[in-house]
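Got chain A sorted already, so can you dock chains B and C onto it with the hints?
In case you want the letters, here they are:
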Amino acid sequence: MNVALKNIHKHFGKVHANKGINLTIPSGTIQGILGENGAGKSTLMKILSGFIQADSGSEIILDGKPVVIHSPADAIHHGVGMLHQDPLDFPPMRILDNFLIGRSSGGLFPNRKEVAQDFNRLAQEFDFSFDPDNYVDTLTVGERQQLEIIRLLWLGARILILDEPTTGISASQKIKLFATLKTLAEKGMTIIFVSHKLEDVESLCNQVAVLRAGELVGEMKPPLDTSTLVEMMFGKVVTLGERQPAKTGDTMLDLQNVSLEDARMKIKNINLNVHAGEVIGLAGMEGSGQGMFIRACAGLTRPVGGRVQLKGHDLTGKSYHVYKNAGVNFLPAARLEEGLVPGLSLTDHFVLAEQPRGIFIDRTAGEKLAEDRIKSFNIRGTPLTMVEALSGGNQQRAELALLQSPLSLVLLEHPTRGLDIESVIYIWGKLKERCRQGASIIFISSDLEEILQYSDRVLVFFSGKVSQPIDAANTSVEQLGQLIGGKGWPENGGGSHA
Amino acid sequence: MNQETLLVGLAGVLAAAAPIIFAVLGETLSERAGVINLSMNGTILLSAMGGFAVAYNTDNVLFGFLAGMLIGALVALVVAFASITLKQSQVAVGFVLALTCRDLAYFIGNPYMGQAGPRLQALPIPILSDLPIVGQLFFRQEAVTYVSFIAIYLAWLWVYRTRPGLMLQGIGEKPAAAFIRGANVNLMRYIYTVIGGALIGLAGPAYSLAIRAGWMGTISGLDGIGWIALSITIFGGWNPARAAFGAYLFALLQWLGLVLQPVLTQVPSQVLQVAPFPLMILTLLLVNIGNAEWVDRTLAAMPETARKFFSKLLRAMRASPPASLGVPFDTD
Amino acid sequence: MLKGRLGGFIFQFLAFVLALGFVSVILISAGASPMEAYKNMLTGSVGSMRKFAEVLVSFVPLLLVTAGLLITFSAGLWNIGVEGQIVLGAIISVWVFRLFVDSTLPPALIITLAILGGMIGGALWASLAGALKTFGGVNEIFGGLGLNFVSTALTLYLIFGPWKREGVASMSGTAPFPDHFSLPQVPELRISLWALGIALVGIVIVYFILQGTYFGLKLKAVGKNFRAAYLLGIPTWRYSMYSFLICGALAGVAGAVQVAGVYHRLIPSISSGYGYLGLMVAMLINYQAIWAIPVALFFAALNIGSIQLPIVMKLDSSLAGVLQGVLVLFVLLMEGIRQKFLKKA
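Chains as they are written, first to last, in this note's numbering: chain A, 1 to 498; chain B, 499 to 830; chain C, 831 to 1175.
Bound conformation, chain A alone (with noise of 0.2 Å):
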């Protein structure tokens, strides 16, 4: 099916997600879509598949008719299939159950025996192998994306969108899902393959899309060349300043041999020496690990092995008020959801942080040292503010005046994602100065750009695997941002050491 989308915009209040997204792809091609967090892949293809609706103006013409989406279950009758992120299936329910869940004809009492039929007969044909009767929570990420895709096509999809469908599935599952894929469009499907990874669309893609801040940037046909790709996605590099190198003093966090595991995802053997002083940046894309790493240095999750010494002290296995009390703290991204109180004043925060031993509140005290804070931090908003009556800068730098003192170690989860220029130079400028009496620094952030010229040494995850520290003065974005996509491991990249 020939797809063109002509002129499309997407506003979300104040944000413009689509700045007038003018693309065509023609049938049978395996379209990619490149661009960073937030560039607006997700609302694209969110107006493609029905999810969401484009402003007006815009137009979606599929053959040739102009058509309107008006929800995923329409976009599926016009032959626009969706394959999100993370799997929209019902983990504890029978897979054939999940597969025939949303058909629109069949009668009351399904037809389980025709149904089975059918769907074996598609899972044979992609050389998928399912047993109807199982339940979805057993299978992998990669193999509950196959089931997805036989669903979409038995519900007559003609243009099949994946949005970051290689995060999470193994190795061989991608070389079948690369194929599959191949096979699909040579029988004149489109698909519409939305990543980060280079590497997986330099090997499948046969026309290239990068969308950044919005807009779409640039086109590029085989043969890719990663360099320009890269440029693209992230642009010109505009500095913000000289970089600063720290004057590193003793080891303040060491981790020697630490193993992490969740339900998703297994991390082993890391090994990392932090000094006094010193950035750690995080690089990856979202989910990779780098939010289990830095949730593992705070003592939030407990590693399944290995050894966490904060400046000599032995603090395996030790519970997150043992590691702030010994001057650990931890930002997350979600500022109002796990980082601030929705509800309590500014002043309330302020106090609550100190760590208050008395029994009464000295209102004095904390609204004198919330007028101090909210001065020396530079935050809009009285003593008496809610906090979710912040702006996000200001609730950010509300979160950086809740640091304690003194502090050995600040981990970070994106500090200055979604905020203005001005915010970051602050916010890091509040930073470097911790640094400057001690303090070690670990970050993460989707901003290689700021992972560059904040960090000292930097450590890339991918799926799982955490590279050797990489010294950041050395290092340009393009080789940051292949090293994301996965290009350029050591075939067993596994541990690493500082």
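Because the hints were derived from the structure by calculation, they are not lab data.
Don't take every hint at face value.
Dumping the calculated BS3-like pairs for lysine-lysine here, alpha-carbon to alpha-carbon at most 30 Å [stated by the list, open to error]:
(1) Lys810/B with Lys266/A
(2) Lys266/A with Lys806/B
(3) Lys1054/C with Lys368/A
(4) Lys268/A with Lys810/B
(5) Lys810/B with Lys318/A
(6) Lys465/A with Lys806/B
(7) Lys14/A with Lys1170/C
(8) Lys585/B with Lys14/A
(9) Lys1054/C with Lys318/A
(10) Lys1054/C with Lys14/A
(11) Lys318/A with Lys806/B
(12) Lys810/B with Lys174/A
(13) Lys585/B with Lys1054/C
(14) Lys585/B with Lys1174/C
(15) Lys311/A with Lys266/A
(16) Lys14/A with Lys1173/C
(17) Lys1173/C with Lys585/B
(18) Lys174/A with Lys806/B
(19) Lys1170/C with Lys585/B
(20) Lys430/A with Lys1054/C
(21) Lys1174/C with Lys14/A
(22) Lys1173/C with Lys19/A
(23) Lys810/B with Lys465/A
(24) Lys1174/C with Lys19/A
Going by beta-carbon spacing under 10 Å, a handful of chain A positions derived as facing chain C [what the hints assert, rightly or not]:
(25) Ala334
(26) Gly339
(27) Pro342
(28) Pro356
(29) Ile361
Because the structure is a prediction, the values reported are computed rather than measured.
C-beta: ideal position from N, C-alpha, C; glycine also.
Relative to the frame of chain A, chains B and C by itself:
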């Protein structure tokens, strides 16, 4: 105990469980869609009273049952409106309704206290009721008991075997996934909450027009049944068949309490009557303990094989509520 | 207009009017005159000193329970098990009285011990629900409901079993204690100023805990955002437990006061539904301690005012519960409507 008394007793257990089964099935449907209807205790009382009053005034038992269902549906509609449209706490609204409907039942039902009204008569099924044992157990019951058998089967069939029923499971599990498959999530939640409410409302007349015919106000002994039914819904793991099993188990334990009273004179009857509750708490503990944070930390400290074993064990015990239970759904 | 305090007030007033209207319709359909019913409830509650004293008797446990619930609500917990906590407070206080029934110790000391015992009993019972919640992952609503049933059964067991009344056990409860085990009452009236004092001290303490202490601030942080409170360094699970203990203690005192000041024995329905009513009061005052006294007094007045309805108007006294419930319901609904308007505006 001879066979005759045993059979009569067990047949009585099947009958005594019938109203609880309606309530539990109704709550199961509602919660499957993602809405907790905490008003159940009040709804049952109000529909028991209302059903009796209507039957008394119209001299028609069927109208009484219909009235009970209508009352249940209306109360559920308030829960749905407050929680889905107004996004207020389901627990708060349900709880207030539980108390209010109870008092409303006592207030409006005052003139009907102790009146002799119409009631369902036992309805032995020809031929089948003459079967030895089975006939006496199953086929000399009142109509509501037969309906309760059928309701269990239909509810189970609906949830696990029909297309809309599968979608219902999906709506409670992951509304976003149901939405992309074409479901109007909030409309469906309204519908299932109201239908569930009607079923809960059926429990009332099942008492006041059959199992414990009449309206006795505060001494009807119905206060508390709704809370019990709520617990049985959880015990039932949101599966109509397992929930019905819970209802029978509860009725059986209560009957045993009565029967064993003369035998175990040392143990006061109140202890036997209450035996289901500690058991229920224990069950809840077993199915929920995997959610506690210390369990995760303890697991991480274990060697790999033990860790795998215990996580599997915990997962097997866990009765997972519909994942979106009590969570409002918005498409944007 | 919808914003701020005034908007909130307007909507609450509207809710009050709607609730009265709704109940009036019910009264009319029951063939009674609403005005007459309301008038009777008014005279029945504040028509004489004696009646107002009865209101205060009902006000005492309700205020204590509400005070306790304000603590658990602040910590984000629905302590529905508060009924059972009242019961256990009553049971333990009866137990203490029984222990000292033949003792020569001064009665004031024994009464104090009984009330302290009730406090501990309620707190321990609450700690069960708390432990189930924090260590077992069992939702406090279901744990609490189960424990409520167990506590009722325990009461019945004691009344019909070990604490059986001389002669024949009956639903009228255990044998009454001697008069000197009663909290001193105002002459001619049933109200004990001591009981009233305890309740007022209870709510004042709770008010100050929530308004003026670090402890209260931490509780609120835990209730409003469990994760963030944890990250800020508050030992969240410990604070959940504390809140259960405090609420249980206050509910236990309520139970003990019912024994020492009102019934002087253990009766099957010793909690009289004050736990559930306290939940309603807490919801109606939107968890603001400052409003607890007037609203609890209002609810108690409705309770007492409705007592004479059956005699005077042949109406059931449950009208009080209907009014209370409908009022809370409409306040909740109107608040939802207000928020919806605010969002659109």
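Checked hints:
1. Lys810/B with Lys266/A: Distance of about 17 Å is within 30 Å: holds.
2. Lys266/A with Lys806/B: holds, 14 Å
3. Lys1054/C with Lys368/A: Distance of about 24 Å is within 30 Å: holds.
4. Lys268/A with Lys810/B: holds, 22 Å
5. Lys810/B with Lys318/A: holds, 25 Å
6. Lys465/A with Lys806/B: Holds, at about 22 Å.
7. Lys14/A with Lys1170/C: Cα-Cα ~21 Å, so holds.
8. Lys585/B with Lys14/A: holds, 25 Å
9. Lys1054/C with Lys318/A: Holds: Lys1054/C and Lys318/A sit about 26 Å apart, inside 30 Å.
10. Lys1054/C with Lys14/A: With Cα atoms ~29 Å apart, Lys1054/C and Lys14/A stay inside 30 Å; holds.
11. Lys318/A with Lys806/B: holds, 22 Å
12. Lys810/B with Lys174/A: Between Lys810/B and Lys174/A the Cα gap is close to 28 Å, so the pair holds against 30 Å.
13. Lys585/B with Lys1054/C: holds, 17 Å
14. Lys585/B with Lys1174/C: holds, 14 Å
15. Lys311/A with Lys266/A: Answer holds: Lys311/A to Lys266/A is near 27 Å, not above 30 Å.
16. Lys14/A with Lys1173/C: holds, 17 Å
17. Lys1173/C with Lys585/B: holds, 12 Å
18. Lys174/A with Lys806/B: OK: Lys174/A and Lys806/B at ~27 Å, within 30 Å.
19. Lys1170/C with Lys585/B: The given pair, whose Cα atoms are some 9 Å apart, holds under the 30 Å limit.
20. Lys430/A with Lys1054/C: Satisfied, since the Cα-Cα distance of roughly 29 Å is no more than 30 Å.
21. Lys1174/C with Lys14/A: holds, 17 Å
22. Lys1173/C with Lys19/A: Holds. Lys1173/C to Lys19/A sits at ~27 Å (cutoff 30 Å).
23. Lys810/B with Lys465/A: Distance of about 26 Å is within 30 Å: holds.
24. Lys1174/C with Lys19/A: holds, 26 Å
25. Ala334: With a minimum Cβ separation of about 9 Å from chain C (threshold 10 Å), the hint on Ala334/A holds.
26. Gly339: This hint holds: Gly339/A lies near chain C, its Cβ roughly 6 Å from the closest one there, short of 10 Å.
27. Pro342: holds, 6 Å
28. Pro356: holds, 5 Å
29. Ile361: Given a least distance of 6 Å, the restraint on Ile361/A holds.
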